[in-house]
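Q: Following the hints, position chain D against chain B.
There are 2 protein chains.
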Amino acid sequence: MKAIGIAAALLVSAASAQHFQRLGTCPTLGCVFPPDQADFLAGQYFDIRLEVHAPKNGSEVIGLPPDEKFTFTIAKGDGEAVPVTEFFKIEEPKMENWTFTWYEDLFARDAKTPSVVDVRAKAYRRLALYEPGEYTATLHYNNGSTTSATWIVRDLAEERKAKNIILFIGDGMTTNMITAARLIGHKSVNGKYQTTMQMDKFPVLGHQMTHSIDSFITDSANSASALYTGHKSTVNCLGVYADSSKNPFDDPKVETIAEIFTRLTGGHVGIVSTAFIADATPAGLTAHTRARSEYGAVVDSFLNGITNYTWTEWDGPDVLFGGGAEQFYSPELGGITYQNKTYYDEFANKGYQILQNRTSLLAAPSDERALGIFTVSNMAKWLDRNVYRDNLNQSLSPTGDKSAALDQPGLKDMTLKALDILQTRSGDKGFFLMSEAASIDKMMHVLDYDRALGELLELDDTIKAVVNKLNETDCLKETLILVTADHGHGFDVMGSVDTQYLAAQNTDRKKRDAIGVYQNSGLSQYQNTGNLTYTDSNFPRNWDPRYTLFQGLMADPDRRENWSVRKDGPREPAVELEEDSDDYYANSEDGEGGILLNGTLPVENDQGVHSLTDVPVFAQGPCAEIFAGVYSNIDVFFKMATCFGLARGEAPAEK
Amino acid sequence: MKAIGIAAALLVSAASAQHFQRLGTCPTLGCVFPPDQADFLAGQYFDIRLEVHAPKNGSEVIGLPPDEKFTFTIAKGDGEAVPVTEFFKIEEPKMENWTFTWYEDLFARDAKTPSVVDVRAKAYRRLALYEPGEYTATLHYNNGSTTSATWIVRDLAEERKAKNIILFIGDGMTTNMITAARLIGHKSVNGKYQTTMQMDKFPVLGHQMTHSIDSFITDSANSASALYTGHKSTVNCLGVYADSSKNPFDDPKVETIAEIFTRLTGGHVGIVSTAFIADATPAGLTAHTRARSEYGAVVDSFLNGITNYTWTEWDGPDVLFGGGAEQFYSPELGGITYQNKTYYDEFANKGYQILQNRTSLLAAPSDERALGIFTVSNMAKWLDRNVYRDNLNQSLSPTGDKSAALDQPGLKDMTLKALDILQTRSGDKGFFLMSEAASIDKMMHVLDYDRALGELLELDDTIKAVVNKLNETDCLKETLILVTADHGHGFDVMGSVDTQYLAAQNTDRKKRDAIGVYQNSGLSQYQNTGNLTYTDSNFPRNWDPRYTLFQGLMADPDRRENWSVRKDGPREPAVELEEDSDDYYANSEDGEGGILLNGTLPVENDQGVHSLTDVPVFAQGPCAEIFAGVYSNIDVFFKMATCFGLARGEAPAEK
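Those sequence lines, one after another, are chains B and D.
Following the working numbering from start to finish, the first sequence increments by one per residue and tops out at 655.
Following the working numbering from start to finish, the second sequence increments by one per residue and tops out at 655.
Same shape as in the complex, but just chain B (with noise of 0.2 Å):
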């Protein structure tokens, strides 16, 4: 279960979020969200959050009452402003009110001198705007302040130019690692590459810029959720702007792109991904929350859509394929899951297959739809089920019987596996499928460059397997194919290391001799051929040569660096000396013979950070050119939802 306890250790430092910004998306006292500068899609369901925030003590104190007569205006580009219930035609919502607290910066963190806020607040819920343009939507409170919000619906064409699309996502990959990818994946000549990526193919490139909207760093849910619905957010929130109230599930929901493929043309999802199903970058196509690690209610949104508000009907995908069967078997097994549900059941009744190995994925019939869940926790690495087989040994069983996991299909499988079943289920209709190789981002963050590395070489080779698939069967034309990541992390490689001379030296300074740096880094001693157990793909054949790269992130933990790959399974670069201390040290059994480094990042971090780096976008297929340049990755969502022709300039007539 450790890549659980690492994942929730991240979630938990990330989940106590309310530090040093009163709000991140209000540094004024009065807060809108959608706030200023949202965009939105023609006809995008979504809920208006309003805050007005009385400090009770702390720098921002202003000596007023909290503000109970607060209105809400919006007007339509030069229109007159008009009451929100009057522009909507809605009723007025009960005031809400809360505390919470927060710390103004380090200092006041640790003096423990936390700041109180007092705040009212109501909600609008599930309202729409049509009309292409600008919106001033205007929050007057505390006696004549207002907070301003310029919201843009933008001007769409409706016409729709993909039948399918189909979205890769690479979780944390940059363009430095896919270089990396392919010097150790594919043979050069005289620096000719003789074979070449499949993303390398792709006639269109684009970067996208991927920092959350209250910091430049983001986390993989409010960066999913980005792509998805068009609207930034802030870290851990799916599909939601966060406000301030302790509530998870009541914050301002935007609509995703799979519901509204979905409301609008009756067309099919797919799902997949090698991360435990509930993570971030799946969630966000379905649930709304504005804590990531609410698992099991993400489980649920996946089957059920939202049911706590009234919002987009949604019953379930066609497909959905993945890791974390903790949240699907019965709690009597140690199941962690929604209301005490036992989701296999759950999922079954609604007609599902349900699928809990390579095996019967394989032979599944593609005209009904599939549940497979693989694994407990995250699915096998590339590396673990093709050559350290071994490490399978664990009790990972999808079952819950504390078996091994052994066999576990990778990321190619289930994806051409969901390709098969939304082929024959979707018709006309088409579908959206979205396939994440989700431990590229995992791998990296515990430092495992060869486990990241082979993750991302596997999704190169579904990606090619995709191709090769829609062209035989005639669908490459009309499916608009993207590869993209959504968010980076601070990875290069620098030159190659001498793992023979850098064991035999006896101090750090002389074991720094043994890295090659420029002409000295010679050739990758990697090769690509050879009789691995996945076969007609472009792998090292040798994970573990005398010169291996120079590679590393630049945000660490105390480490020890060898630069050899870890056989016995993932890397666990910093452990505690005593228990729950949230005192992290190089682990004293990782990286044997290898250089002791000090860390940079706080002491409570056992593993790597992501960055900053806008992100490539990979596209071919109908559409494929208006994903060229340079772009926020909101507008990854604009794109799609063009291409798909869902913008909608009039209301629906009413049933």
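Read the hints as simulated data drawn from the structure, not as lab findings.
Don't take every hint at face value.
As the list claims (entries may be wrong) - Straight-line alpha carbon distances no greater than 20 Å define the calculated EDC-like cross-link-like pairs of lysine to aspartate or glutamate that follow:
| no. | chain 1 | residue 1 | chain 2 | residue 2 |
| --- | --- | --- | --- | --- |
| 1 | B | K187 | D | D36 |
| 2 | D | K510 | B | D105 |
| 3 | B | K510 | D | D583 |
| 4 | B | K464 | B | E478 |
Given the structure is predicted, the values throughout are model-derived calculations rather than measurements.
A: The following block gives chain D in isolation, referenced to the frame of chain B:
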């Protein structure tokens, strides 16, 4: 002269190159240059070098004497192989011989047991292949051994599509750095940038792979040559393949885009850089040597081209602007020049106006050729020219009189004047302009992130000014503009740093708490407006906010990081405790109050090194569309040559 000291240190370590590979481009004992897989532009001049190696000791000894009877044949397609002299109708050159030594690995280096190789060699000079297609060049040696090289002459259109090409090179500039520069130079509201970089606005984006021919990490010399000639080479090489002889001027040459463009079309050439002008990126356009450190000869090649062999006639560029006055002023003043000449005089004698400060640059007439040399060594950085101007008080006057070079232009001034001169002088012939922001790389090398990002913002500002100027003169539509880099540098931003908290803590582990990641990164504290001396531009107003960027490289010397701007001039992260010991430790005078971090590079390194990552190519104008997707750096040459229509399928008539 510190900057020169640093550059020289890099080059000395790089010049002792024959370590660990006998000869990078030649794994067998028979060597053919250009090697297997080389691509050629039809009609491009090149030399052939053949070598047969007889190892006298070490692991490769085969017990044969040096072969003096080797033969060499060439076949076109499936045609008959004919002797090279017959194929090209040339005389047989005389046999050459020499020996060289190398170390087989680090253990051999420590044991001081070099391997010695006896060489027999020939060279065939200034040849060209005209007919597109595949050629097989075969060296027969050692009684039956062969080394075969497949050469490809690309089949490219001869039609010219662009009148002008402007090639901007951000030396060492990666996507990660562009993202960081955007973050400090442009304002964002709720995650939406209110302005973006000029390069963000380019419609076409590509990635180019930068690896060297015999190493996966490149330097700026051979990567420049790849961009300019379509031939990858080895570290330190300019416009040649490296042979094993001691003479740095006899290596087999390949013709550059500047040479071909001028020879075939009479087009005009401009060269602009913020480096000392003999540095690799500008040098690559006219120099042909395996030692980039032959600065004097490089400067002579700018003016006179290649003089030791018959080669493309070259009469100097229209514009040559940059630093590096020590290669121009008289040796009596301390100049270090080719054949002890005074190159200001040499240029003036050929009709160049000589410019030595910004004032004279701006006032210079646009109808005369111009040499502008504005400082000894590398030019002052944007940050020092505009914010910390006291740092200009050094004895760096380009006259050599030891006064200060206070009135230095920036990249924008130089590039706009270069454009004026080229537009005025080139008429219908068109021009090729290379403009380099050299100190992005130079400042990344010394971990001076602020200065590096300042240079990147200046590059972007220059591109903006050039686009605007071309638009005003209606030349935008006939000018292909490219923005790219020659290689990467492992850099990224992972969060923010509370510099006040960092300074207030007493232990390194506690100081690490000052690092904010994910939502604690917050928003950029740099402001992009205000009253700099540099106007109308997107540069930070405040370079020294409390919350800075948690940024860095991945391959470092020992250093102390405090993530704050260096107000006293470029950073010097590591120093020797004992002079000439080649043993660098963290500089105790750098990074006050920061965290002491151990490096990973061999301890003789006082700075960071280049990285593997693919680098971006931004393109606009005629032909821009062919720069989309992922390709090798040599393809940038072929794409530019295509736009200029430089391929020649037939040899010119005899004169």
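Q: Next, verify each hint and record whether it holds.
A: The hints, checked one at a time:
1. A C-alpha spacing of about 14 Å is found between K187 (chain B) and D36 (chain D), which places the hinted pair at or below 20 Å, so the restraint holds.
2. For a cut-off of 20 Å, the pair hint linking K510 (chain D) to D105 (chain B) stands: about 15 Å separates their Cα positions.
3. Only pairs whose Cα atoms come within 20 Å are accepted, and K510 (chain B) paired with D583 (chain D) is accepted, the gap being roughly 11 Å.
4. Proximity of K464 (chain B) to E478 (chain B) is assessed by CA-CA distance (about 17 Å); at most 20 Å being required, the pair is judged to hold.
The structure agrees with every numbered hint stated previously.
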